[in-house]
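Trainee: Sequence:
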Amino acid sequence: MNVIHKESENSGTFKNSLFFSKAHLQKLRSNMNVKEITQGTFLFREGDPATKFYFLEQGAVKLTKSAREGRELFIHCFRSGDLFGETEGLRMKTNSFHAQCIEHTVVGIINQEDLQLLLRDNGEFAAEFIRWMGWIQRFTQMKIRDLLFFGKTGALASTLVRLVNTFGIDEGAYIRFSVHFTNSELANMIGATRETVNRMLHDLKKQNIIGYQGTEITVYNIEALREMCQCERCPIEVCRL
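Read in order, the letters of the sequence shown are residues 11 to 251 in the numbering used here.
Bear in mind the hints are in silico, worked out from the structure with no lab data behind them.
Ideal Cβ placement from N, Cα and C applies to all residues, glycine included.
Watch out, some of these pointers could steer you wrong.
What the hints assert, rightly or not - Lysine-lysine pairs mimicking DSSO-like chemistry, simulated, CA-CA at most 27 Å apart:
{"hint": "1", "residue 1": "Lys162", "residue 2": "Lys103"}
{"hint": "2", "residue 1": "Lys103", "residue 2": "Lys32"}
{"hint": "3", "residue 1": "Lys45", "residue 2": "Lys32"}
{"hint": "4", "residue 1": "Lys32", "residue 2": "Lys75"}
{"hint": "5", "residue 1": "Lys62", "residue 2": "Lys32"}
{"hint": "6", "residue 1": "Lys62", "residue 2": "Lys75"}
{"hint": "7", "residue 1": "Lys215", "residue 2": "Lys162"}
{"hint": "8", "residue 1": "Lys216", "residue 2": "Lys162"}
{"hint": "9", "residue 1": "Lys75", "residue 2": "Lys162"}
{"hint": "10", "residue 1": "Lys75", "residue 2": "Lys37"}
{"hint": "11", "residue 1": "Lys103", "residue 2": "Lys75"}
{"hint": "12", "residue 1": "Lys45", "residue 2": "Lys62"}
{"hint": "13", "residue 1": "Lys75", "residue 2": "Lys45"}
As the list claims (entries may be wrong) - Pair by pair, the computed Cβ-Cβ distance ranges are:
{"hint": "14", "residue 1": "Phe160", "residue 2": "Asp124", "range": "37 to 43 Å"}
{"hint": "15", "residue 1": "Asn41", "residue 2": "Lys103", "range": "37 to 43 Å"}
{"hint": "16", "residue 1": "Ile179", "residue 2": "Asn208", "range": "46 to 52 Å"}
{"hint": "17", "residue 1": "Ser188", "residue 2": "Lys216", "range": "23 to 29 Å"}
{"hint": "18", "residue 1": "Ser31", "residue 2": "Val248", "range": "39 to 45 Å"}
{"hint": "19", "residue 1": "Gly50", "residue 2": "Ala77", "range": "33 to 39 Å"}
{"hint": "20", "residue 1": "Glu123", "residue 2": "Thr225", "range": "43 to 49 Å"}
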């Protein structure tokens, strides 16, 4: 197993990043307006002006895309240490996605103009920013691979593995998740219907791969899930929701 998270306490302290050095994080933070945001609040909605970037200090934010008939596609889940925002040349006029806090969140907000100045004036920071953009691309490519190559069952298995790596809490006999996702939300993550996900989860339960504590999904056999999606044992920064 890559990483199982222990249940964290909300210390409110600033987090490090996988992609930016402490010195460059400090430069970012010197230009940030830090806010606490309650669970359920939208940082931005699709169509809002794209003038900000966000550095997540604490909590979790889901990125979704609207689809027809009121459905949505779950794109990413950002966690502490993640930077996110529209990145196409830093000149996107409107946001293409919704960003909603799924936990109590502490986020640093930086204007695009200030970020442009940092990139212009600091080549080392610009190199780290390019590395971050490359990670976003690889992360997206791996999720698309899972969706296209291994069918809905493989995509669900991959999503459950990513959930373990992002929100998993090891209870010994099983792994539970610190954040609850409904079957409808799981369906949005893999582009399926809720009924399809219900059926696949039922099959996984019959095989003793997953179980339930009340209404909460628990994972009993993560290796079986990995086999179903031909897991490539990607680094934890890639194998996450």
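Trainee: Any hints from earlier that this structure breaks? Give me their numbers in increasing order, please.
Mentor: Structure breaks hints 1, 2, 4, 10, 15, 16, 18 and 19.
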